[in-house]
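The task is simple: from the sequences and hints, build the whole structure.
Okay, here's what each chain looks like letter by letter:
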Amino acid sequence: MAVKVYGPDYASPKRVLVCLIEKGVEFETVPIDLFKGEHKAPEFLKLQPFGSVPVIQDGDYTLFESRAIIRYYAEKYKHQGTDLLGKTIEERGLVEQWLEVEAQSFHPPIFDLVLKIVFGPFLGLTPDPKLFKESEDKLCVVLDIYEERLSKSKYLAGDFVSLADLSHLPFTQYLVGKMGKEYLIRDRKNVSAWWDDISSRPSWKKVLELWPGLY
Amino acid sequence: MAAPVKVYGPPLSTAVSRVLACLLEKDVEFQLVPVNMAKGEHKNPDYLKIQPFGQVPAFQDESITIFESRAICRYICEKYADRGNKNLYSMNPLVKASIEQWLEAEGQSYNPPSSTLVFQLAFAPRMNIKQDEAQIKLNDQKLLKVLDVYDQRLESSRFLAGDEFTLADLSHLPNTHYLVSVGNRGEAFSSRKNVDRWWNEISSRDSWKKVVEMQKSK
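So the protein lines, in turn, are chains P and D.
Using my numbering, read the first sequence as starting at 1 and increasing by one per residue.
Using my numbering, read the second sequence as starting at 1 and increasing by one per residue.
Worth flagging that the hints you see were computed from the coordinates, not collected in a lab.
Any given hint might turn out to be false.
[As the list claims (entries may be wrong)] Per label pair, the in silico range of CB-to-CB distance:
1) P/Leu-34 x D/Asp-163: 33 to 41 angstroms
2) D/Pro-93 x P/Gly-51: 23 to 31 angstroms
3) D/Asn-184 x P/Asp-159: 43 to 51 angstroms
4) P/Lys-205 x D/Leu-94: 30 to 38 angstroms
5) P/Ser-153 x D/Gln-31: 27 to 35 angstroms
6) P/Ser-153 x D/Pro-4: 26 to 34 angstroms
7) D/Gln-141 x P/Leu-34: 16 to 24 angstroms
8) D/Gln-141 x P/Lys-76: 34 to 42 angstroms
9) P/Ser-200 x D/Asn-184: 48 to 56 angstroms
Cβ atoms here follow ideal geometry from the backbone N, Cα and C, with glycine treated the same way.
As structure tokens, then:
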């Protein structure tokens, strides 16, 4: 039975989709319309009590939080598809470090920018540049550190692609799209090369083709 | 015998204390390396080589330097798997996935409102920074919503990930400790039956009591 992934039209579930494709794990998707409030329906809250996407169902088993889901499948299928965890305990430690950096330092400011600029109009808000300057400045601090790191290492955790790199795909894709913020990536030579590398992986191209969302 | 591992940063830091609690649970000997943040030592070039964001903690053992407290905790549990509390980060895939789920819930849903409240209620006054009442109100509301989800979960589960105390529970200790003590938010926890039971149980672990002692003495 294939894994079911809820909410493929949105960014966080795409973290899961791209990793499942890299690992060659069969899955199907179940659409959830956040604009219609389907994530607040009682049946959905039974699966994901915080009312967020994604959540997966694997037979009777349910798991939420995209970064927990990708760790689970990357380990379960360690010997199949692309190795996304590094080969040693130390390499895994660096994967965890940069995945936590994405979760704790990269994600909050980019999420704020995406919410205000991409989704704002749908929520009846006009994006006032003053309101997101703080988030853009925070994101620049992080991107400057990535620029330095990627001058020494092809990917974030080392010379191997990992969960840490792939975790950046869904929200950064917004940045280089209609938001008008592509310069944040292109102004940084190493970040730009890294972005081109990871976003041209067949797995990510497949995700974009099948679930273009609001990109 | 291997040299003690090094942890950089003050025990008063919530993120540093997360790592200390994990090392104590795992019976891994460590050496605390002071970083005087009041003097800006976390921003000096030598420290930035270890932690480019200029944050605490950083961690070193004989084979690696690593930062981000939750990454450090996972690394400690994998590297020293045979020591101390073996249930902290189970090797069983389904149990481990449940731990990851609740550890991510802590990082993504609990930490943002609780760390904002900890800063506003516990640290801002000490730093002579004016408290932001709007931020406090907003984050109090967010925190209560998360605690409602936890109360529901802990109705049918002794700890967040299952029957055992794990990294998922441990990760909540630092912020919650400040919230219920200096932050005056005890009632949010004690008024929720299952959260109350859970908080009393996890905060009375020997490892956490030792960390609180370390915080008092520095």
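Right, here's what the structure says about each hint:
1. P/Leu-34 x D/Asp-163: 33 to 41 angstroms: Because 34 angstroms falls inside the window, the suggested range holds.
2. D/Pro-93 x P/Gly-51: 23 to 31 angstroms: holds (27 angstroms)
3. D/Asn-184 x P/Asp-159: 43 to 51 angstroms: holds (50 angstroms)
4. P/Lys-205 x D/Leu-94: 30 to 38 angstroms: holds (32 angstroms)
5. P/Ser-153 x D/Gln-31: 27 to 35 angstroms: holds (28 angstroms)
6. P/Ser-153 x D/Pro-4: 26 to 34 angstroms: holds (28 angstroms)
7. D/Gln-141 x P/Leu-34: 16 to 24 angstroms: holds (20 angstroms)
8. D/Gln-141 x P/Lys-76: 34 to 42 angstroms: Given about 38 angstroms between the Cβ atoms, the range holds.
9. P/Ser-200 x D/Asn-184: 48 to 56 angstroms: Given about 52 angstroms between the Cβ atoms, the range holds.
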